[in-house]
Amino acid sequence: MKLNLKVNGTPREIEILAPAPLCQFRVDGGSARSADIAIPGSGLYSILLDGRSYDVQVERTPQHFIVVINGHRFEIEVHDPRRWSGRSGQQGGADIETIAAPMPGKVVRVLVKAGDTVVAGQGVAVVEAMKMQNEMKASRAGRVMTVTVQEGATVTAGEVLATIA
Amino acid sequence: MFQKILIANRGEIAVRITRTLHEMGIAAVAVYSDVDRASLHVRMADEAERLGPAPSSESYLRIDRILDAAKKHGAEAIHPGYGFLSENADFAAACEEAGLVFIGPSAESIRALGSKTAARQRAVSAGTPVVPGTERGVSLDEARGFAAQHGYPILLKAVAGGGGKGMRRVDREQDLESALRDASSEAERAFRNPEVYVERLIERPRHIEIQILGDRHGNMVHLGERECSVQRRHQKVIEESPSPLVAQHPELREEMGAAAIRAARAAGYYNAGTVEFLVDQDRRFYFLEVNTRLQVEHPVTELVTGLDLVKLQVEIAAGAKLPFSQQDISWRGSAIECRVYAEDPYNNFLPFPGKITRLERPLGPGIRLDACVYEGWTVPMEYDPLLAKLVVWAGTRTDAVARMIRALNEYEVGGIRTNLGFFRQIFEDPAFRNGHLHTGFIDEFFARQRPAEPPQELAVVAALAAALASTERDPAAPGSSNHGMSPWVLAGRQELLR
Numbered sequence: 001m002k003l004n005l006k007v008n009g010t011p012r013e014i015e016i017l018a019p020a021p022l023c024q025f026r027v028d029g030g031s032a033r034s035a036d037i038a039i040p041g042s043g044l045y046s047i048l049l050d051g052r053s054y055d056v057q058v059e060r061t062p063q064h065f066i067v068v069i070n071g072h073r074f075e076i077e078v079h080d081p082r083r084w085s086g087r088s089g090q091q092g093g094a095d096i097e098t099i100a101a102p103m104p105g106k107v108v109r110v111l112v113k114a115g116d117t118v119v120a121g122q123g124v125a126v127v128e129a130m131k132m133q134n135e136m137k138a139s140r141a142g143r144v145m146t147v148t149v150q151e152g153a154t155v156t157a158g159e160v161l162a163t164i165a
Numbered sequence: 166m167f168q169k170i171l172i173a174n175r176g177e178i179a180v181r182i183t184r185t186l187h188e189m190g191i192a193a194v195a196v197y198s199d200v201d202r203a204s205l206h207v208r209m210a211d212e213a214e215r216l217g218p219a220p221s222s223e224s225y226l227r228i229d230r231i232l233d234a235a236k237k238h239g240a241e242a243i244h245p246g247y248g249f250l251s252e253n254a255d256f257a258a259a260c261e262e263a264g265l266v267f268i269g270p271s272a273e274s275i276r277a278l279g280s281k282t283a284a285r286q287r288a289v290s291a292g293t294p295v296v297p298g299t300e301r302g303v304s305l306d307e308a309r310g311f312a313a314q315h316g317y318p319i320l321l322k323a324v325a326g327g328g329g330k331g332m333r334r335v336d337r338e339q340d341l342e343s344a345l346r347d348a349s350s351e352a353e354r355a356f357r358n359p360e361v362y363v364e365r366l367i368e369r370p371r372h373i374e375i376q377i378l379g380d381r382h383g384n385m386v387h388l389g390e391r392e393c394s395v396q397r398r399h400q401k402v403i404e405e406s407p408s409p410l411v412a413q414h415p416e417l418r419e420e421m422g423a424a425a426i427r428a429a430r431a432a433g434y435y436n437a438g439t440v441e442f443l444v445d446q447d448r449r450f451y452f453l454e455v456n457t458r459l460q461v462e463h464p465v466t467e468l469v470t471g472l473d474l475v476k477l478q479v480e481i482a483a484g485a486k487l488p489f490s491q492q493d494i495s496w497r498g499s500a501i502e503c504r505v506y507a508e509d510p511y512n513n514f515l516p517f518p519g520k521i522t523r524l525e526r527p528l529g530p531g532i533r534l535d536a537c538v539y540e541g542w543t544v545p546m547e548y549d550p551l552l553a554k555l556v557v558w559a560g561t562r563t564d565a566v567a568r569m570i571r572a573l574n575e576y577e578v579g580g581i582r583t584n585l586g587f588f589r590q591i592f593e594d595p596a597f598r599n600g601h602l603h604t605g606f607i608d609e610f611f612a613r614q615r616p617a618e619p620p621q622e623l624a625v626v627a628a629l630a631a632a633l634a635s636t637e638r639d640p641a642a643p644g645s646s647n648h649g650m651s652p653w654v655l656a657g658r659q660e661l662l663r
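Top to bottom, those sequences are chains A and B. Quick note, the first sequence lines up with residues 1 to 165 if you use my numbering. Quick note, the second sequence lines up with residues 166 to 663 if you use my numbering.
There's no promise every hint is true.
Partial list, computed: chain A residues near chain B (C-beta under 10 Å) [what the hints assert, rightly or not]: (1) Met1; (2) Leu5; (3) Ala20; (4) Ile66; (5) Asp80; (6) Ala165.
Every beta carbon over 10 Å from chain A, so not counted as near; a handful from chain B, in silico [as the list claims (entries may be wrong)]: (7) Ile191; (8) Asp199; (9) Pro218; (10) Gly310; (11) Ser350; (12) Arg354; (13) Arg526; (14) Val625.
In case anyone wonders, no lab produced these hints; they're calculated from the structure. Predicted, not measured: the structure shown is a model, and the values here were computed from it. Backbone N, C-alpha and C fix where the C-beta goes; we use that ideal spot for every residue, glycine too.
Using the sequences and the accompanying hints, generate a full structural model.
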């Protein structure tokens, strides 16, 4: 099974030749290597490779995986060439600005409505979590196309609040 | 001594107070809001009472309900913790009127010192140096006038504030109006008082504070200093004792200690309190404010002095005399605390509440963990993002830093994002290790930091882990297409089709 990866933006190819726990793999067409894999918990991989022990945390987000080893953080996109349900292409058109919630929280104020014209830097909505308010602003001038949340709504990180064209 | 005490708080501080009460053989009564029903502080308590819905204005700030709970459960005293009602003079007075002992200073002392502006005026008359400021809440025009006279940058602060809530740095005239509005509304929500005052900003100051402790018989000591210069958004994230500056200039401890006791005595203070100072580049110190309560960072003082501040608070509230005098206090070794927050250091430190799916705690020599979290618990979005205080002690600061890095490497919180990884970077930083601290440390750290290039082999291991994780089904993915089919079966079929 061959997978195309982007590790912190750098394209890499990884081929899994045998599955865990005694995993055989090849990176960027190099020679086959063996790794001993244990999964002690959800999102946690213990990997023994060439006699060294790595404790690896993996968090799945809608866009990518966040992998942390010894305090080093990697953002990794994984594309399986055989799967058609790719994860790319979910952003809007190039000239549509999406205003998204920066964190899980509650929408405490919606400052625009569909059809309004906004100037660059104008507040669109205010999201609050843990006593911290965050005003989401339009990055450029335009017209509000949609407002997809109401005041009082609970949102997750990355959830779309409004679009501006 | 009391038989039963109600803790008018939540989270790690309620857990920490419960621990001491249990060691003293005193029953602990917890209070909780609806989202905190399954919180650790409720589970650990001997008795518990619901206050109301999640918003703190309907639960942890409801004086009437807290007093009702105390009466219903037969508590004799109330420990307010920090935050919420801990520095509310009306609450302290209401406790006494209801025949309950408030574990803290008198309502009069809180009034005299708890308001930053009143405390400043008192310090000025006592001859303690203060940073120039308006000393009372201001309108937009008054703030403009102050800035015109003293120049930017200025600092907006909540009159009733603490902990960085309702505080804003303003560098330019055009930012003043919105900063004042934000600070004021944040102050209103956090303290039910929208008033904001203005101060001149001292560049690159250290934040060093003195722990004081007094009984109701006129005895008062200081327990040395804590350096809390490592802050972001005016909120402390790393605290330590001794201060690296005081370690080099030991006379500062006595000078600041004496100044702190003078300021507190003038207000008839008793119980535990903290006098905060800014220290400039020439080691001149300026009175900042008095926190008339137990501080978040009190554990570092406990570790270097060997004292239990909560136990002493309870004994003082029960009328006991201080069991020691100033010359009995000694300091040993070095203690450092990290405030572990539910926030994303890779996204501007924005809060990140949610469910904790995995938890590995650091253990072993010299570790203290004051926390309120457990695996499976959902961190609510209504309150402060503080999850835990990780505190280490070692004989020297160098050893304490090494121990902290070791502890951070053992600590894993899954399911939400935390600032644990950020701490690892700070403790590797040469400026931090050399003790070159000031309140702008984190901003400068980000500016000078070049992200270390991870070893090539780690990138390979990370890629392998991501590849393996991607072959596990994503429970959250809508229409995750393969109908539960293992990717290995899928891969096998593809191979056969070749």
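* Go through the numbered hints given earlier and state which of them the structure violates, listing their numbers in rising order. => 6, 11, 12, 14
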